[in-house]
Amino acid sequence: AQSVTQLGSHVSVSEGALVLLRCNYSSSVPPYLFWYVQYPNQGLQLLLKYTSAATLVKGINGFEAEFKKSETSFHLTKPSAHMSDAAEYFCAVSGQVGFQKLVFGTGTRLLVSP
Amino acid sequence: DVKVTQSSRYLVKRTGEKVFLECVQDMDHENMFWYRQDPGLGLRLIYFSYDVKMKEKGDIPEGYSVSREKKERFSLILESASTNQTSMYLCASSPGTGSQPQHFGDGTRLSIL
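If you're matching them up, the sequences are chains A and B in order. Heads up: the first sequence begins at -17 in the numbering used here, then just goes up one per residue. Heads up: the second sequence begins at 26 in the numbering used here, then just goes up one per residue.
Note that these hints are calculated values from the structure, not bench results. Check the hints yourself; a few may be wrong.
As the list claims (entries may be wrong) - Derived EDC-like pairs (lysine to aspartate or glutamate); straight-line CA-CA distance at most 20 Å:
no. : chain 1 : residue 1 : chain 2 : residue 2
1   : A       : K83       : B       : D63
2   : A       : K83       : B       : E55
3   : B       : K78       : B       : D51
4   : A       : K83       : B       : D76
5   : A       : K40       : A       : D67
6   : A       : K83       : B       : D53
7   : A       : K83       : B       : E104
8   : B       : K78       : B       : E104
9   : A       : K83       : B       : D84
Throw the hints in and build the complete structure from the sequences for me.
In structure tokens, the structure reads:
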């Protein structure tokens, strides 16, 4: 069984500041991990994914995430926030073998102030 | 680009009605999914399908059914709509293996009055 915990339902940053969105996972098997972003009135869009090739994963729009097995974490970071980054972010986990469902966290809304 | 199209962006129905939500994908994906999204609860899986005519219950299937008669189309059916089914419904599709991400439609915001 898998689960994801996203710490903080809302995160507020100033434009230009570091963005850090936290995700901890639980999985009884080696996981795949994903970050998705949802802009208002839209579906989810993939930001990046960890599939065991490299622990530091770079995604779109300047985001990256690091898989840390010892901490069971997959935190999302961006060095400098833009106003356009304001959205809701979801972390998700699945297993690696065969057909696997995605299990989503409850989401973190990122607010960016000028 | 993969396109997942949901037939309606907004839908208003009455309690007790039978409601159909339609989803079509254009990339020949094997897997299709229906989720509902509620504030503070994230996305919860209702049903999924890994092949034509195949369906599996997700985490919250009660009050819902699905149909997949063609590979590209996956329908969600609310047999007798109730107010607690007011929600955002998201359809997604993915290729066969687990490492491939799911591609999402823009969602249907359903209100049951």
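Discussion item. Tell me the numbers of any earlier hints that the structure contravenes, in ascending order.
Written reply: 7
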